[in-house]
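**Student:** Read off the chains here:
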Amino acid sequence: MSLIDSLPRRKAFSSEVDAGSREENASKQKSGAPFRSDRNGNSSSAPKLPKVDGLIPWIVPLAIVLVWQLACVTGFVPSRVLPAPTDVALAGWKLLLSGELIRNIWVSFWRASIGFLIGGSIGFAFGLANGLSQLSAKLTDTTLQMVRNIPHLALIPLVILWFGIDESAKLFLVALGVFFPIYLNTLHGIRTVDPQLIEMGRIYGMTDGELFRRVIFPGALPSIFVGLRFALGIMWLTLIVAETIAATSGLGYMAMQAREFMLIDVVVLSILIYALLGKLADSASRALERLTLSWHPAFQKK
Amino acid sequence: MQEALRFQPVDAEPVDRSDIRVQARQLRRGPEAATRGLSLTIRGLRKAFGDNEVLRGIDLHIPSGQFVAIVGRSGCGKSTLLRLIAGLEAPTAGNIAFGEQPRAQDVRVMFQEPRLLPWARVLSNVEVGLGRERSSADAQARAERALVEVGLADKRTQWPSVLSGGQKQRVALARALVSQPRVLAFDEPLGALDALTRISMQQLLERVWRDQGFTAILVTHDVAEAVALADRVLVIEDGRIAQDVTIDLPRPRRRGSAELATLEGEILKHLLEGSEDTQ
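For the record, the sequence lines run as chains A and B. Numbering-wise (my numbering), the first sequence opens with residue 3 and increments by one. Numbering-wise (my numbering), the second sequence opens with residue 33 and increments by one.
For the record, the hints were derived by calculation from the structure and aren't laboratory data. Honestly, I wouldn't trust all of these hints.
[To be verified] Only part of the chain B face toward chain A is listed, based on derived beta-carbon distances under 7 Å:
(1) Ala136
(2) Pro150
(3) Trp151
(4) Val160
(5) Gly163
(6) Arg164
(7) Trp191
(8) Ser193
Quick caveat: nothing in here was measured; it's all calculated off a predicted structure. Ideal Cβ placement from N, Cα and C applies to all residues, glycine included.
Using the sequences and the hints given, assemble the complete structure.
**Tutor:** Structure below.
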C-alpha cells in the first residue's frame, strides 16, 4: 500500500534537488512501517515507533475537527447549520455539570448492553444448537431465515403498540437486531470447522464434550467474533432509532429534545457521542479477539 | 552419550553416522520393545463405495513389528486399505483381526496433513494423542518425552502456525507416538514435504520404529521411500495385492545403493506396465 502511494511522489521529487529527495526518501522509509497492515486491517505495531503508531488512526478525525473549526470560525459554515466544535464541547461541558449527560449516556449504555446480552445469548444458543444438531437445524432454521428478512426496525409501530415506550420496547428491538448476526456467524463458524480436525479428534478418543470444547468451539471462534462486531454496530443503530422515536431518556431522546428547542450544538454532541461509543465497543471486541485468538496468524506479532 | 545424541534435532543428523547410533539404540532397546507390535491378519477384505468397488478381496498377514509399505497408483485403494486397518471405515466384506484385541490407543494413524489444532500449543497438541489418559498425572511428562523423541523439545510452547511443514509433521508424529501404539499407520505422511526434509523424516520414522517396535504400515506413492524403509513392499493394483516383495537388505540402508535401485526399478516397472495396460 505504501509502495503504491509513494510511486507518483517519487517521480515528482526526482526532478528536484538531490538533497531534498534523499530526505523525502528517508522519511518515506520511516513512515512505511506504520502503514503495513495485516489481514484484518489492523496497523501492525512497528517496534521502533510505538507512540507515533498509536496516534496515526487519530490523525484523520483530528484533521476533520480542525477543518470544521476553521470553517465555522471563518464563517464559511453558519453556526445555525453546524456549530463549531468548541461550541459543541461547551454544550457538552454544561450538560456534564448538570449531570444530564452522564445520566443519558448511562441509560443508553444500559439498554444497549442488556439488549445485546439477551439477543446475543439467544442467537448464540440457536447458532450452537443448529450447528451441532441436524434435527434442531431442520426444525428452526427455515423459520429463523424468514424472520431474518424482516427489517427489525419495521417492527417499531408494532413494538410501540405492544410495549408502549417502555424500556422493554427498546430492549426487544436491540435484542432482535443483534440476534441474527450472532446466530448466522456462530452457525457458519461451527459448520466450517475443518472436518479433518474433527476426524482427528474422534480418532484420538475425544468425547462429544471434549470435541466441542477443544476442536469445534475454538474453530468457530473467529467467525463468532465477526458476528459480534456486526452485532455491536447494529446494536447502536437500533438504539438510536428506538430512542429517537419512542423514549423519555437516553442519548436519542436528548437529541430529539434538543431539536425541539433548536439546540443544534446538543444534537451534534449526541451524534459525536454515538460515534465514540461505537468506537469503544469495537475496540473492546478487538481486544477480546486479540486475547482469545492469539494462536491465529493474523494476531501474532512478528 | 547416547542420550546426548538423541536430543539432536533430526534435521541436523549427518547421514553417515547413523549406523553407530542405530547400534547403540539396539543395545538400549528393552526386551519388551521387540514384542510390542501387534500382528495383523486380513481375510477376504472388500470395500465398495456405492457401485465403485475399491478393494476386491485382500488377504494379508503382517507379523508383529514388521514395517510394511503399500504402493500403487493413485486411486488403487491403498489409502482405503489403511483407513480400514485403522478402523476409520467399516469393510463391506471380510475381516481384519489383530493378534490381540487392541485398545483404542494401540492403533494410531498419521495423515498427509499434520492435522494439528491451531489453537493449542505444541505440547497440548501432543497431549491430545494420549486419548483417554489425557487427564492422568503424568500426561505432560509423557508428551514432553514424545517431543524429545522427535527432536522438538524446544518448540513445546509455540503455536503450530509458526512451525515449518516438516516440524508440524514431527509434532503429528509425536502425537501418534505418545500413547505408545502397537500399530502405526502412515497415510503418505511425507507427501507434502520437500526432498531434504523427506529424507530426514524417513530416518526419523525408521529410528522410532526400531526404538519402539510397533507394527508400521506406510502408504506411499514413492517407491524409493518404500524400498528404503520397509521390510516388505505390497503393490496394490485394481483393489488386489499384485506383488508382495520382501526387502531383505540390512539396515541402515544406504540411500542410492545399487540393491535399492534395482528393487525400486523392478517395482516401478511392474507399476508402469500396469498403467500401460489400462491405457
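**Student:** Give me the numbers of the hints this structure contradicts, sorted from smallest to largest.
**Tutor:** Those not satisfied: there are none.
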